[in-house]
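> Construct all of the structure, not just a fragment, from the sequences and the given hints.
2 protein chains.
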Amino acid sequence: MNSIENYQNFINTEIENLSLPKEPIQLYEPITYFLGLGGKKMRPVLTLMACEVFNSDFTIAKEAALAVELFHNFSLIHDDIMDEAPLRRGHETVHEKWNSNVGILSGDALLIIAYQKIATYKPALIGELLPLFNQTALEVCEGQQLDMDFESRNNVAIDEYLHMIKFKTAVLLGCSLQMGAIIGGSNSKDAQELYNFGVNLGLAFQLQDDILDVYADQNKFGKQVGGDIIANKKTYLLLKAYEDANSIQTERLNQLAEEKDTTTKVNGVKSVYTELDIKTKAELKMNYFYEIALANLEAISISSSKKQPLLDLAHFLMGRDQ
Amino acid sequence: MNSIENYQNFINTEIENLSLPKEPIQLYEPITYFLGLGGKKMRPVLTLMACEVFNSDFTIAKEAALAVELFHNFSLIHDDIMDEAPLRRGHETVHEKWNSNVGILSGDALLIIAYQKIATYKPALIGELLPLFNQTALEVCEGQQLDMDFESRNNVAIDEYLHMIKFKTAVLLGCSLQMGAIIGGSNSKDAQELYNFGVNLGLAFQLQDDILDVYADQNKFGKQVGGDIIANKKTYLLLKAYEDANSIQTERLNQLAEEKDTTTKVNGVKSVYTELDIKTKAELKMNYFYEIALANLEAISISSSKKQPLLDLAHFLMGRDQ
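Residue numbers (the numbering used here), protein chains in the order written: chain A, 6 to 327; chain B, 6 to 327.
One thing to keep in mind: the hints can contain errors.
For chains that are exact copies, the list does not tell them apart, and a pair is met inside one copy or across any two.
To be verified - Below 27 Å or equal to it, Euclidean Cα-Cα: the simulated DSS-like pairs (lysine-lysine) are: (1) K238 - K275; (2) K127 - K194; (3) K67 - K127; (4) K27 - K171; (5) K225 - K239; (6) K45 - K171; (7) K27 - K239; (8) K27 - K238.
Hints in this document: simulated from the structure, not taken from any laboratory.
In structure tokens:
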């Protein structure tokens, strides 16, 4: 049994040892740069952990763990272009450090290299992994498209939002786990339960992110508290507030969306949230998905001790490890 | 045995029947639009033909044929963004009709859908097809990067240019053929010969394209004759001219690169080409690759009649069918 940190160290070493081609420099240097920016490596850790639930040797899932991490970084490089994001993990994004063309093409190459990792397995395994990976990859694209679509829509329903975050974020966690389980030799029912565990954990995690953006302690939060409010981002909290608001509160939210003074804006939206008890409602929804995730894990036909690392990781991700 | 047109009709029908998801509209509509712009469908035709060399039923290569065509269109959509091209096959490019973000994301989705087509085969076949497809896809990215790198370099060697067009264009023809051969049940030596046939035919075809851009009859040529000269494009002809030029001719070429009057520019460069006999030298190189391609085809251990459609296609592509 390994600690989260052990798995992270393992995957970080593997990423350092990737030995990408050196040329063309403009194609491969941005990939090496971006992969070196850090990050928690949660997706590959999930793959390795899921494998170890069913197999004493988690290293057989190494290439699949790399595949999900490389895919994740491909999607970040392209998303950063689309979102015009200047920074990622505190460093310049690829399109900012080089240009958009470099971001597009090195992202493409990274996606293909992820598929090369899948192709390292024996055919019977590839036959199981590839359709899952394809389906997930396409859903992640759909999630990103929906997220962009929502920016210019003002009638986004809560269910649509949950569908979007499921595709944009949660399914890749599910896929990471299911691939590890398949490689570890799991039966298909357990592999599916692990997929569901990942999806529900991902949904809970994203809702927690929405909540923290408004209510986190600024000293402990990596981003600007209130950033989503300032950017008029359609989070679960804002959509729920619109759903529950009376006509006066709706009008206040509409006016606050145009407010230029950020302190007035953040405090104004928070006061509407307080009136409507939005924080509690968001926490209820978050806990709903978290409880389902734990039930998915519970349903897997393997001893509790084998599943403990995944439970620890869930606690860790949801800030419940203290 | 089928005519080129039969294969084209078959693949066009399959593309029309792709039944992509309808939503998100902004993700899938651009794909349907772009796939509907026409084109000769040479790559999937190669896949189907190669399959039929070894198997009476070419339709078993349908999904692989779709994969190479979808991949080709993915690369065109992204290349068009990078090259800021307004038109493709006489119609607006995706980033022009929508915007760059739509081009990036729908291109990504198209690449993934290509992989979904590969994933429809039985595991043993996927195990052979996927590494070949991955390797080719990555080489196409490298070729595009080299092509962009060359724009800002003024010391590109002929060998570098040939390497670039091999990766950017020729390897996908080779891959299209090899995948068809594998699915048709070819032995690995013959599949490799067909790959080489495709690569060498692709090199000859690209050199022909460079020649036609300068020497085609404008009435029969789809693009502007002299377009490469006007754009200072580093074609085989220009690079060979620089290689063979004396210091006076080099200076003339350098001055012509700055010339604003397009007629003066095209006529000036053509007169240097004439002095150096560049057209003949380019045709010699083109014929060199074409002859190797024909030898590759000849080496395949199957009756001439089975190989006739591929020979016909080679003649057709090289304008030697009249």
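> Hints numbered earlier in the text: which of these fail when held up against the supplied structure?
none
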